[in-house]
Amino acid sequence: MSTDNETIYETDALIAEDIDAYLEAHQYKSMLRFITCGSVDDGKSTLIGRLLYDSKMIFEDQLASLEHDSKAMGTQGQEIDFALLVDGLAAEREQGITIDVAYRFFATEKRKFIVADTPGHEQYTRNMVTGASTADLAVILIDARQGVLTQTRRHSYLVHLLGIRNVILAVNKMDLVGYEQDRFDEIVADYTEFATSIGMTDFQAIPISGLKGDNIVALADTTPWYQGTSLMQALEDAPINDARMAGAQFRMPVQWVNRPNLDFRGFSGQVASGQIHPGDPVRILPSGKTTTVKSIVTMDGELDVAVAGQSVTLTMTDEVDCSRGDVITLSDEPVEVADQFEATIVWMADEEMLPGRPYQMKIGTNRVTATITEPKYEVNVNTMEQLPARTLALNTIGVCNIATDRPVPFDAYDDNPDLGGFILIDRITNQTVGAGMIHFALRRSHNIHWQAVDIDREAHAAQKNQTPKLLWFTGLSGSGKSTIANHVEQKLHAAGKHTFLLDGDNVRHGLNKDLGFTDVDRVENIRRVGEVAKLMTDAGLIVLTAFISPFIAERRMVRDMMPEGDFIEVFVDTPLDVAEQRDVKGLYKKARAGELKNFTGIDSPYEAPENAEIIVNTVELSAEDAADVIVKRLLEGA
Amino acid sequence: MTDLTHLQRLEAESIHIMREVMAEAEKPVMLYSVGKDSAVMLHLAKKAFYPSPPPFPLLHVDTTWKFQAMYELREKAAKDAGMDLLVYQNPEAVEKGINPFDHGSLHTDMWKTEGLKQALDKYGFDAAFGGARRDEEKSRAKERVFSFRSANHSWDPKNQRPELWKLYNARKSKGESIRVFPLSNWTELDIWQYILLENIEIVPLYYSQPRPTVERDGLILMVDDDRFKLEDGEVPELRSIRFRTLGCYPLTGAVESEAATLPEIIQEMLLATTSERQGRAIDHDSAASMEKKKREGYF
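Just so you know, the protein sequences line up as chains A and B, in that order. Going by the working numbering, the residue at position 497 of the first sequence is 509; the numbering climbs one at a time, nothing skipped. Going by the working numbering, the residue at position 124 of the second sequence is 480; the numbering climbs one at a time, nothing skipped.
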């Protein structure tokens, strides 16, 4: 302890005597971001509190209230309970506040530190992944009495998954095992075996006591057998990601085109990796166009070089097309461009991941629509076992194939996190529902091309002398969708129109007979029907579909597949009690009796359309009259 | 290759955040309170969009009770940056003459909390930059960089989005707005060092000089204009003071100090024994006060 305090006093002396020298030294500090992993029992809060205290980030008023609280709580007798500095968890729980990632700050002579603290057990995967995504280093805490536990393995797996290459194994509470070297060595051996099994090649193990301060700032007398560095020194010496990325190939995702006047056109962004100089030949992806960097513009003057981590604005020698979402690289080191990938996905929402449902994907500065095409397996984060999966639930991790609606410039996540990490956003709620890391592009993405044909949609439609449309009937089971659609088709047929009716029940006898009624299958059902309907409209037909299609997201997906104005949503509006009373097929009765699972309206939701083109109320209108309304609207509109 | 310094990394991160907002929001605005954090935020905005001027206006939600020196710098700073300055005063508070002497916490509620909501609604801003930092207070340590507010400006702490890598999700539903905190990862010391390094103009009140003061409830208050209601027997006394944080002058406590230069201020700060927000009367209520205020829409 005495050593720690001496450090503080020396610093104070320098501040007091020569503030200019102190400031000069401190302006050139580097910055390290790290995450601490461990649960409450491992002494994580105590360790963070200790780091803040020892680096003098605690003010007297805070210390006074800390001393007061420590004595009141009595957890450490008359000594200070450092955990109280950072915990505040009880209060948060009472207030119902999400317990997730908190960021704390401290600094030493050499470095500023940002600690991502992810408390608690709940939501652990989501929170840890969030905290780890920006970390240069991870401190994995182990209780020396407990050794390597399931949770140690889980934390390590997540840290490794997020690509953190600097890992410190802090074997804590050494005071409670008598500072025994044998115990420490045993734990390190156990951990080494596990680390090797998940592909973690390197870590540094340090015996500490967060409570007593042993080996935190300075090496302690209590562990004379330990020849390594203190925790603080390890934190000060660890390499920073930006430095590693500065040695990689040059990448800059374009954030914003800076155009104050006709004479200046600059491309603003933060350099993700590598470095760039004026005069360097560059390539812009996905277009592949090449040009040369003219200048690196900043308010502090033009730069000779820009490196990973810097936010700059580049001007080019040519008037080249380049906009937000593009990636600038050196011309002979371009990024890959693809629209199908294999990726690891961490699911972060209560609502499960639905393959086939379109999500918004943000990668770099690019936003595209993405669908999970094929979940391959889920990883059990406690045992590392691979389990078959059709979906992913909250806080689960899986490997999936994913497709985007247009080609995306990317790097594998392991090579470049800024170009290979992405988030998935729900298009209805706008919440961030998942995070992903690209492994590689699927080969088929490169080999399948769109074949242009001469007899196109317009030619087909002209021959039939009609405008192709898709009339999408949606509504509860028993609402009268099929009956009304059938009437509509008869009337159109009589009017000389070329039509086709796709009926929900019929399709399930053939094309979709492999699908059931879970949310996952319902999404795939609608996706296939949407694709078929689209092909039929390409053939010039007026297509009618009668499917419950309960989710807004999938109806919107089909709408987005079709040319603007060709998708006509027909909401067959029948209240649940009326539909249930009709119960033409006897299904409601079965569902109420519990014999039929996932029945829309009973134990599976129906999301009514918000902006349907046509709404028919079947309580007021007969099926025949409803059909007349729809035909009239269609033919008048056409 | 040497590492970027911590200030360079913080600067680059803040610039990245501002550009993301500019690219994804429809109508952003920068909340400008004239304090040191606002000064740094404004400076970063100039850098982010250079050679363009920052492509959004500054908004000062005024209480009419700021220090005179703050009003002077406000006009100058906006002009220097080439930005429009919008000043909003809650008309109801103007009408009722709400002031910190007579109305207690109602003063903050009406001028600041209500005023901010009204101003954002009036102009239809969907993203507002604020200068809050995570190190200011325990409850802010977990605040997101992008913080979403419902159509009635309330904050739902249960429904905050995870922020991974540099990927901010700025998509919002109709009526929702975003508060964006580009200085989230800066500490008080970072702010001061950056002001020194970049030579950023700040309100002179941060520098010590003899000023007329009274001592009340343990706070040293500056008698900034003749609206200051002196109590019986109170006589303004010249003290050598400065401010560590600036707000409404009757609510902002000064510290006695001889620090008249930036290095001296930093020196004093580093050797200080009390945390920054102690000078603000607003926080004294309870530990959970900031959390509560935030839910109600206080920035």
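FYI, nobody ran anything at the bench for these hints, they're computed from the structure. Please note: incorrect hints may appear among the correct ones.
[To be verified] Below, computed lysine-lysine pairings styled on DSBU-like, alpha-carbon distance capped at 35 Å:
| no. | chain 1 | residue 1 | chain 2 | residue 2 |
| --- | --- | --- | --- | --- |
| 1 | B | K435 | A | K301 |
| 2 | B | K403 | A | K122 |
| 3 | A | K546 | A | K525 |
| 4 | A | K301 | B | K432 |
Here the structure is a predicted model, which means the values were calculated and not measured.
Can you name, in rising order, the numbers of the hints this structure does not satisfy?
The structure breaks hints 1 and 4; every other hint is satisfied.
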